[in-house]
Amino acid sequence: MAASKRDNPGVLVFPPGLVAGTLGAGLLLHALRPWSLPITETTRILLSVALLTVAAALGLWGQSAMRGAGTNIDPSKPATTIVTSGPFRFTRNPLYLFLLGLYLGITVAAATFWPLLFLVPMFLVLHFGVVRREERYLEAEFGEPYRAYTARVRRWL
1 MAASKRDNPG VLVFPPGLVA GTLGAGLLLH ALRPWSLPIT ETTRILLSVA
51 LLTVAAALGL WGQSAMRGAG TNIDPSKPAT TIVTSGPFRF TRNPLYLFLL
101 GLYLGITVAA ATFWPLLFLV PMFLVLHFGV VRREERYLEA EFGEPYRAYT
151 ARVRRWL
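For the sequence shown, the numbering used here begins at 1 and goes up steadily by one.
If you're looking for bench data, these hints aren't it; they were derived computationally from the structure. Computed from a prediction, not measured in an experiment: that's the story for all the values here. Hints are supplied without guarantee of correctness; some may be wrong.
Simulated crosslink set (SDA-like; lysine to any residue; CA at most 20 Å straight-line) [said to hold, decoys possible]: (1) Lys77 <-> Arg6; (2) Lys77 <-> Tyr146; (3) Lys77 <-> Phe128; (4) Lys77 <-> Val13; (5) Lys77 <-> Ala65; (6) Lys77 <-> Arg67; (7) Lys77 <-> Glu139.
Based on the provided sequences and hints, a complete structural model is requested.
So, in structure tokens, the structure goes:
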């Protein structure tokens, strides 16, 4: 029997788990050894509400577009189509931008510096261990239509 093709991108880590684990580590460090952001209470509240609101709207919009297109949101499941509607017209990764906005919004709400130290390493894992793998998978699955999409829509912003 021939080996079957894996019909998913083979991401290294489940993206919400990566973000939650990294944020949790930063918040735990803050609980053990507080390192507060040097911002006023008003700035903290306004900035965290803005980040969380924009992130939530982007996440809901992106999920709605994926559901409307009839494809899987979970990266461990097969993609059935290239989603180009909703926020996917502006960024190829609105759900990952949602997770990053959520991460930053919670970090600011907690007024802690620790998660900011983990932001770049977490982003690198997300970029190379998830996004780049998804891109290779989608290009293999959809070929020229996906390449045309990547030529007109940015990966991030």
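Each hint tested on the structure:
no. : hint             : verdict
1   : Lys77 <-> Arg6   : holds (10 Å)
2   : Lys77 <-> Tyr146 : holds (18 Å)
3   : Lys77 <-> Phe128 : holds (19 Å)
4   : Lys77 <-> Val13  : holds (13 Å)
5   : Lys77 <-> Ala65  : holds (17 Å)
6   : Lys77 <-> Arg67  : holds (14 Å)
7   : Lys77 <-> Glu139 : holds (16 Å)
Every hint, counting from the list given before, is met by this structure.
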